[in-house]
Amino acid sequence: MFEIQPMNAQVYRRQTRRSTVIIALMFLVLAMVLSTAAVALFGEPGGDNLRFNVGGVFAGLLLMAALIRGKFRTQEWMAPAVYGWQLKRSLMSITNVMHQVTAAVEKGDPSAMKLLRFYHLGLSQMHQLDGNSSDHSQLTREMDQHKARMEMLGIETEQTQLNPAWLEAVKQIPL
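Following this note's numbering, the numbering of the sequence shown begins with 1 at its first residue and continues without gaps.
Calculated from the structure, these hints are not laboratory results.
This structure is a prediction, so every number in the text was calculated from the model and none was measured.
The beta carbon of each residue, even a glycine, is placed where N, CA and C say it ideally should be.
Check the hints yourself; a few may be wrong.
Derived CB-CB ranges, DEER-like [as the list claims (entries may be wrong)]:
1) S134 x T20: 17 to 27 Å
2) I22 x H99: 33 to 43 Å
3) A9 x D48: 42 to 52 Å
4) M92 x L25: 25 to 35 Å
5) M7 x P164: 17 to 27 Å
6) E3 x G46: 55 to 65 Å
7) L63 x H99: 38 to 48 Å
8) E44 x V11: 47 to 57 Å
9) R17 x G154: 41 to 51 Å
10) A65 x T160: 27 to 37 Å
11) D48 x M7: 44 to 54 Å
12) D144 x L50: 52 to 62 Å
Whole structure, please, built from the sequences with the hints as guidance.
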């Protein structure tokens with residue numbers, strides 16, 4: 001279950017840039033070392049060693065992916081990037097069923113209303129973290145209207161956790 005956490009946008013952007021640079025530099029070094037090693041072990045002096053260079057880069061990519069998923073993902077310096085990725089994944093899981101969400105919200109379904117509120121809060125934070133203020137004004141108007149409707153129906157508006165059961169409930173509603 002994903003939960004929206006308060007986060008300073010400037011700190012988030014600085015830390016994600018830092019982790020991106022670290023990952024890119026590590027990939028560059030791995031790719032160069034593995035390509036050089038592949039050419040040294042399997043290549044021919046003065047021959048066409050492109051396949052060994054490409055193979056070294058590909059091996060570097062696979063190794064880097066394994067390191068990110070296995071080791072780096074849990075490191076403190078990667079936490080903001082992992083959080084951003086999880087937030088975007090959570091939002092995408094709702095976007096994929098948005099037509100069902102909006103139809104269910106129109107019918108007053110509480111799960112759909114909570115899901116849409118989480119979506120609004122998460123999207124608002126993503127805009128803030130990414131520094132995207134252009135879409136924020138329209139979103140704010142939609143958020144306020146939806147929040148008012150939830151309050152009128154007596155539904156809690158602080159929906160900072162994505163409950164997977166809401167998604168499943170919305171998927172079961174016929175259109």
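Now for the hints, and whether the structure bears them out:
Against the hinted window of 17 to 27 Å, the Cβ-Cβ separation of S134 and T20 comes to about 23 Å, which satisfies the hint. The beta-carbon spacing between I22 and H99, approximately 40 Å, falls within the hinted interval of 33 to 43 Å. A9 and D48 have their C-beta atoms about 49 Å apart, which keeps the hinted 42 to 52 Å range intact. Between M92 and L25 the CB atoms are about 29 Å apart, so this pair conforms to the stated range of 25 to 35 Å.
As the Cβ distance of M7 to P164 is approximately 23 Å, the hint placing it in 17 to 27 Å holds. In this structure the supplied range 55 to 65 Å holds for E3 paired with G46, their Cβ-Cβ distance being about 59 Å. Checked against the hint of 38 to 48 Å, the pair L63 and H99 passes, with Cβ atoms roughly 41 Å apart. Hint check: E44 to V11, Cβ distance near 51 Å, so the stated range 47 to 57 Å holds.
Evaluation of the 41 to 51 Å hint for R17 and G154 yields a pass: the beta carbon distance comes to about 43 Å. For the pair A65 and T160, the supplied restraint of 27 to 37 Å holds, since their beta-carbon distance comes to about 31 Å. Checking the proposed 44 to 54 Å range against D48 and M7 shows it holds: the Cβ atoms sit about 50 Å from each other. D144 and L50 have their C-beta atoms about 58 Å apart, which keeps the hinted 52 to 62 Å range intact.
In this structure, every one of the numbered hints holds.
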